[in-house]
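Once you've looked at the hints, dock chain B against the given chain A.
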Amino acid sequence: MTTGATNLSTPGLARRIQAALYRRPRSQLLLLLLPPVGWFGVVYLGSLAVLLVSAFWYLDPVTSAVKHDFTLQNFQLLVSDPVYLKVTLRTVTIAVLVTIIDMIAAFPIAYYMARVASNRVRAALVTAVLLPLWAGYLVKVYAWRVILAQGGPLDWLLRQLGFPDASPGFSDLSMVIVFSYLWLPYMITPIYAGLERIPSSLLEASADLGGRNATTFRRVILPLALPAVAAGSIFTFSLTLGDYITPTLVSNSQFIGNVVFASQGVSNNVPFAAAFALVPTGIMAAYLLLARRLGAFDAL
Amino acid sequence: MNRFGLRIATGAVIVFLYLPIAIIALYAFDASRVQVWPIAVYTTSWFGVAFQNQDMIDAFSLSIRIGLAATTVAIVLGTLAALAIHRFSFFGRSSISFLFVLPIALPGIVTGMALNATINATGIGFNAFTITVGHATFCIVVAYNNVIARLRRSSRSIEEASMDLGASTFQTFRYVTFPAVRTAIVAGGLLAFALSFDEVVVTIFTAGTDQTLPIWIYNTLFRASQRPIVNVVALLVVVVSIVPVYVAQRLTSGGEPDGPS
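Chains as they are written, first to last, in the numbering used here: chain A, 3 to 302; chain B, 1423 to 1683.
With the rest of the complex left out, here is chain A (with noise of 0.2 Å):
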């Protein structure tokens, strides 16, 4: 504490600051705020506005240079090409798909983790569960882009089961089963934190009520662990709906994502990809409202 004595006796110029901080929090709130939200918002809701903007831009015909003019030409090709609403349907049921599966999935495992298992085994299971979602997203990709591979581990597996021809092999059944295995511990835990917080008492209250197991499944487990669901199912849905790199490696099909990462890149059409991008960004939008009906941002 001699840094504290010496500030003590000469008031130097941290001392008047920090004095001058101590009677204005506002602007100690300022200081500490302004570093995150400046960067925050000119390099993430700055991004989000140009890409908005560029959506009206495009391309000159002649010198393949974007123009900075408006236009809703962009749009229009969008709405009158058929191959762009089919992508954009496709994608969206398997995000729904996707979302439901783990929903399922992800439902008796974090019941286990928060009402039956032991602390130790519960903290345990925590850690199996986060752990994957770290294993680098690519890598678990192209695992399974190998697993689904002719003469791959599932081929073999199903050719010894004597089903020589029933492997999935790269397709859109692949692609569900692969999204759903990528995006499953982000259901898995909300549901978990949402299931541990059910006082056992309301519990014990339905049993005593008469409600048998099933009953208080139904009407007291589920509605309560409702925004959890919802919250779990806002990053299975997002996360499906916007990837591109999935759907090239496990799958034929193509995503709006496919769309949107070739236009910018093979054809250097920008404003078109910013049109298209702004599709998933809606129905997100849509998606995030309806998840906060139900309660799903205290669930976060």
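In short, the hints are calculated from the structure, not lab data.
Where is the CB? At the ideal position from N, CA and C, for every residue including glycine.
Take these hints with a grain of salt, some might be off.
[Claimed, not checked] Computed list of chain B residues with no C-beta within reach of chain A, every gap over 10 Å:
#1 V1471
#2 L1484
#3 A1491
#4 I1607
#5 R1645
#6 L1673
[Claimed, not checked] Taking CB as the label site, the calculated pair distances span:
#7 A:G212 - B:A1444: 45 to 51 Å
#8 B:D1586 - A:L228: 42 to 48 Å
#9 A:L228 - B:Y1464: 46 to 52 Å
Only chain B this time, still in chain A's reference frame:
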């Protein structure tokens, strides 16, 4: 569902989560150039080949440097934000954490394309700098989540005691607040590094010709001749990502690491 059924379901999910990672780890030791299951001969010789691949080494070192830079920015900004939110109430306070989670909660293609459109429109140019800025932006939430969770658990009264005993704002931060959140900052930093080290969906949109390790894998995995090397690097990525996360878990003792959510 009875207890037995729950146990079976839990076990099945855990096996499902780890099986693909185990299989890719096995393939790293596959002697054959052509991947066929079951693996006939095991070898460690591909490790030597992989570690002599200059492109891979460059990508690895770029990933490490970007991870460290992005983590530093994320720690500073995330900690400042956590202190502000914890200590003050102000208009828009409740939306801040929602704002920080947006880069991860919004579809990757949206975040990626937004950054891409901005880099294009401003003419900054795609390079390691733009990758780092993108990574730092979506890593802030991880650092923020860890620090705010710790602040909420620690008592505000010890800071007040420090001030009552005559310590200045900076001294209180240095001797009281910072030691309380130090391990949370380290844990958040480790998680942020792991997130940066892995990320590929957004990164490709900000990268230009620079290759991070995941981008190198993505560009190389379609080349059949390179597959043994890709398998080795895949295992390397798993290890480099999981070790910091495991350490972070130990640091936030008793609690789970606050995931990307």
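We went through each hint and held it up to the structure:
Every C-beta of chain A lies more than 10 Å from that of V1471 (chain B), the closest at about 18 Å, which supports listing it as non-interface. Interface exclusion of L1484 (chain B) from chain A stands, the closest Cβ pair being 15 Å apart, more than 10 Å. With a closest Cβ-Cβ approach of about 14 Å to chain A, A1491 (chain B) is found to remain outside the 10 Å limit, as its non-interface label requires. A cut-off of 10 Å between C-beta atoms confirms that I1607 (chain B) is not in contact with chain A; the least separation is 14 Å.
Against the 10 Å criterion, R1645 (chain B) stays outside the reach of chain A, whose nearest CB is about 13 Å from its own CB. For L1673 (chain B), the condition that its CB be more than 10 Å from all CB atoms of chain A holds, with the nearest at approximately 13 Å. Checked against the hint of 45 to 51 Å, the pair G212 (chain A) and A1444 (chain B) passes, with Cβ atoms roughly 47 Å apart. The beta-carbon spacing between D1586 (chain B) and L228 (chain A), approximately 46 Å, falls within the hinted interval of 42 to 48 Å.
One distance hint, 46 to 52 Å for the beta-carbon pair L228 (chain A) and Y1464 (chain B), holds here, with the actual separation near 49 Å.
Checked against the numbered hints listed earlier, the structure breaks none of them; every hint is satisfied.
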